[in-house]
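Participant: Take a look at the letters that make up each chain.
There are 2 protein chains.
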Amino acid sequence: MFRKLLSFDETKQLLEQSFSSVPVGEERVSISDVHDRVLAQDVVSPMDIPPFSRSTVDGYAVKAADTFGASEDKAINLRFCGHVAIGEAPAVTVKEGSATEIVTGAPLPDGADAVVMVEYTSRQGNNVFVRRPVARNTNIMTKGSDIHKGETVLKKGRFLGSREIGALAAIGLTQVVVYKRPKVAVLSTGGEVVEPGKTLPPGKIYDINAHTLSAAVLECGGEAINLGIVPDEKDKMKSALELALVSADVILTSGGVSVGPKDFTPQVVDSLGKPGVIISGVAMKPGKPLTIAVVNGKLIFSLPGNPTSSLFMFIVFVRPIIMKLAGRPEESMPKVKAVAAQKMFSARGRRTFTMVNLTYNKDGTLMVSPVPTGLSGAITTMTKADGFVEISEKQQFVDAGTEIDVYLFKKLKKP
Amino acid sequence: MFRKLLSFDETKQLLEQSFSSVPVGEERVSISDVHDRVLAQDVVSPMDIPPFSRSTVDGYAVKAADTFGASEDKAINLRFCGHVAIGEAPAVTVKEGSATEIVTGAPLPDGADAVVMVEYTSRQGNNVFVRRPVARNTNIMTKGSDIHKGETVLKKGRFLGSREIGALAAIGLTQVVVYKRPKVAVLSTGGEVVEPGKTLPPGKIYDINAHTLSAAVLECGGEAINLGIVPDEKDKMKSALELALVSADVILTSGGVSVGPKDFTPQVVDSLGKPGVIISGVAMKPGKPLTIAVVNGKLIFSLPGNPTSSLFMFIVFVRPIIMKLAGRPEESMPKVKAVAAQKMFSARGRRTFTMVNLTYNKDGTLMVSPVPTGLSGAITTMTKADGFVEISEKQQFVDAGTEIDVYLFKKLKKP
Numbered sequence: 000m001f002r003k004l005l006s007f008d009e010t011k012q013l014l015e016q017s018f019s020s021v022p023v024g025e026e027r028v029s030i031s032d033v034h035d036r037v038l039a040q041d042v043v044s045p046m047d048i049p050p051f052s053r054s055t056v057d058g059y060a061v062k063a064a065d066t067f068g069a070s071e072d073k074a075i076n077l078r079f080c081g082h083v084a085i086g087e088a089p090a091v092t093v094k095e096g097s098a099t100e101i102v103t104g105a106p107l108p109d110g111a112d113a114v115v116m117v118e119y120t121s122r123q124g125n126n127v128f129v130r131r132p133v134a135r136n137t138n139i140m141t142k143g144s145d146i147h148k149g150e151t152v153l154k155k156g157r158f159l160g161s162r163e164i165g166a167l168a169a170i171g172l173t174q175v176v177v178y179k180r181p182k183v184a185v186l187s188t189g190g191e192v193v194e195p196g197k198t199l200p201p202g203k204i205y206d207i208n209a210h211t212l213s214a215a216v217l218e219c220g221g222e223a224i225n226l227g228i229v230p231d232e233k234d235k236m237k238s239a240l241e242l243a244l245v246s247a248d249v250i251l252t253s254g255g256v257s258v259g260p261k262d263f264t265p266q267v268v269d270s271l272g273k274p275g276v277i278i279s280g281v282a283m284k285p286g287k288p289l290t291i292a293v294v295n296g297k298l299i300f301s302l303p304g305n306p307t308s309s310l311f312m313f314i315v316f317v318r319p320i321i322m323k324l325a326g327r328p329e330e331s332m333p334k335v336k337a338v339a340a341q342k343m344f345s346a347r348g349r350r351t352f353t354m355v356n357l358t359y360n361k362d363g364t365l366m367v368s369p370v371p372t373g374l375s376g377a378i379t380t381m382t383k384a385d386g387f388v389e390i391s392e393k394q395q396f397v398d399a400g401t402e403i404d405v406y407l408f409k410k411l412k413k414p
Numbered sequence: 000m001f002r003k004l005l006s007f008d009e010t011k012q013l014l015e016q017s018f019s020s021v022p023v024g025e026e027r028v029s030i031s032d033v034h035d036r037v038l039a040q041d042v043v044s045p046m047d048i049p050p051f052s053r054s055t056v057d058g059y060a061v062k063a064a065d066t067f068g069a070s071e072d073k074a075i076n077l078r079f080c081g082h083v084a085i086g087e088a089p090a091v092t093v094k095e096g097s098a099t100e101i102v103t104g105a106p107l108p109d110g111a112d113a114v115v116m117v118e119y120t121s122r123q124g125n126n127v128f129v130r131r132p133v134a135r136n137t138n139i140m141t142k143g144s145d146i147h148k149g150e151t152v153l154k155k156g157r158f159l160g161s162r163e164i165g166a167l168a169a170i171g172l173t174q175v176v177v178y179k180r181p182k183v184a185v186l187s188t189g190g191e192v193v194e195p196g197k198t199l200p201p202g203k204i205y206d207i208n209a210h211t212l213s214a215a216v217l218e219c220g221g222e223a224i225n226l227g228i229v230p231d232e233k234d235k236m237k238s239a240l241e242l243a244l245v246s247a248d249v250i251l252t253s254g255g256v257s258v259g260p261k262d263f264t265p266q267v268v269d270s271l272g273k274p275g276v277i278i279s280g281v282a283m284k285p286g287k288p289l290t291i292a293v294v295n296g297k298l299i300f301s302l303p304g305n306p307t308s309s310l311f312m313f314i315v316f317v318r319p320i321i322m323k324l325a326g327r328p329e330e331s332m333p334k335v336k337a338v339a340a341q342k343m344f345s346a347r348g349r350r351t352f353t354m355v356n357l358t359y360n361k362d363g364t365l366m367v368s369p370v371p372t373g374l375s376g377a378i379t380t381m382t383k384a385d386g387f388v389e390i391s392e393k394q395q396f397v398d399a400g401t402e403i404d405v406y407l408f409k410k411l412k413k414p
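Order-wise, the sequence lines are chains E and Z. Using numbering that gives the first Met the number 0, read the first sequence as starting at 0 and increasing by one per residue. Using numbering that gives the first Met the number 0, read the second sequence as starting at 0 and increasing by one per residue.
Just chain E, with the same shape it has in the complex:
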């Protein structure tokens, strides 16, 4: 079923109503491979951290009461009573009037309730002279004081980087349950595209979108299945999409959504299952020829062949959904405010996205202007852009000198 051209916001809304973007699943992954993944369950510590009370200094483990009254002038004499090495269970018990040598990180021996730093002690044979008093628990990290058994260490939804992986190791875990990466099938259509590396016959161009989109899928937490180029025949397109529906959670086709005589992708998509095409055409620029279908609970985006249009469509519609399917924390693209260096026009009645460059002017103001290629469909527009601006369909233009949000493709370099 085809509907009228929808506005950008209507498209977003209808998309949200028609497809439930919940994480595609969970899997157990080794902590050595878990970097860049997202926790699907709270991680509860199976143990106390530290697992035993440990000294935080080199010195002597004592009964604190034995040190009361000690001073530089009047050292208290305790009996030397062995030592505790790091990584070993203490073989000694600290009794009244005794001191056991201990190093940083070693377990506190039974009987001791404080550690005197080595700097405030001296030893002569079996005599340990203590020149400062210590209160109970001084220089001790008590068992479970960092993390106690049963405590939630990391919450569901937490992104796993180096610091989080360290915490998982600390509590002895070798695996955790993370969200599966959604599988995104990427296929290119159109009789004019050829796989890079092959000889280019006259009238044909190399396929760009399958490569751009596969990398873009990776960048937002998905797993791309690059199905390559599907020949411009209805039956072959149908078979390819049927295969994609079996193997992927989201399907991206590109090309073949223009008005030319061979553009049958929407019809094929619509024939695959219910409800079929839910969005056909969006009032935005670039990228009007967009078709979105829901087939048997899976999403099919038919993106335009123009690489820049296709990438914009991906950024605004597909990326947020893949992130949700991957259980990734919501995160918009980084943006900065910049001043329009020139008047930038929007397309009448259409949400307009324009690739831009950023420069600092003499007084240090960040200025924004459209990428000066002037060519529709140019590859270099995409590679030369620092980011893009979004102009509402309610605005005719952004006037020179106006401040505007710029979404960044890469980190901004200060002048």
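Among the clues, some could well be false.
Here are the simulated lysine-lysine pairs, PhoX-like style, with alpha carbons at most 20 Å apart [said to hold, decoys possible]: (1) Lys383/E to Lys154/Z; (2) Lys410/Z to Lys323/E; (3) Lys336/E to Lys410/Z; (4) Lys412/Z to Lys323/E; (5) Lys336/E to Lys297/E; (6) Lys334/E to Lys323/Z; (7) Lys410/E to Lys336/E; (8) Lys323/Z to Lys179/Z; (9) Lys154/E to Lys412/Z.
Note that these hints are calculated values from the structure, not bench results.
Put chain Z on the given structure of chain E with help from the hints.
Facilitator: Only chain Z this time, still in chain E's reference frame:
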């Protein structure tokens, strides 16, 4: 050879003088695996893009001169002369007085020098009525106008993301030369550490650093070789380091760099080759017990066992070097300015790094305060932190209400 405790800046300088951080090498990688890598050579286009002049609209390819004088009232009648499909070499030549049907993206047939949009035409049998004049090159993207053969498309040092990979595909490349990922061996020392998953004997703790550091290496473009835990014996440590020197560009050990009796890592490192230990102890907090050695042109960092100290050492000294060895564009950690919610002290005479939390107060000001664990060596300090602050050794403290830079571990969430 051991030297005196160096300041933070002296350490940075000496490190720079003693080790040349240039990319470790280059390799040819398929464009399907090249995401997140950095170009080691300029990429020059072997072809024109587009490879032929193509129509940017659906319409009729004509000789522009034939349309002069056309208007809504007075259509010019041209002879219909076949059509050009997308992806096919045109079989027709456009002669004076004729018009060839063409679709967006199709190659311009010989003889034509402009395209009239279908909207401004109508057809009756073999008559094509043109109601608007077009100038030469209208609605045509001429051969090579986006990228010309021999043009540098992407420069050496360029980070490869989705947009760049699209450009590589556009010019038909299947492989490019990128910088090799530096190999970083990571090993943990100390008799107290046990690999996660194994039973924890009394007095022992799970190894954290090998896991944190391996992930941190990955995050800055390196390839981690996790050599696991090396037993606390001189000979075994020496063999492990010799193996690491053969297989890695940089070696990170952690643990065993305190003042306890078993801390022989620096001595072992110093015995491996020239010049040996160049830095032994840095006036910073946390992380004083740091040893840096250069052995046969490779760097060995002996980091402290304390996970937070070890991570800070990695961030300030190791990370920038790995990024240079990986040929990555220079990039400091993201930072924001925030107001100190409380007085934050520095350690006398030492560059102080403190894990912090960020919060917005009622009037929307971003406030920064130390992570409130209060435990030295706590794992949770690392996981609870939003970032860290750096306080100069020349300052005694940062007063409450002062604005200070905060380096971010993750993206800041606006309130």
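Participant: Hint by hint, note whether the structure agrees.
Facilitator: Quick rundown of the hints versus the structure:
no. : hint                 : verdict
1   : Lys383/E to Lys154/Z : holds (11 Å)
2   : Lys410/Z to Lys323/E : holds (17 Å)
3   : Lys336/E to Lys410/Z : holds (17 Å)
4   : Lys412/Z to Lys323/E : holds (17 Å)
5   : Lys336/E to Lys297/E : violated (37 Å)
6   : Lys334/E to Lys323/Z : violated (27 Å)
7   : Lys410/E to Lys336/E : holds (14 Å)
8   : Lys323/Z to Lys179/Z : holds (11 Å)
9   : Lys154/E to Lys412/Z : holds (17 Å)
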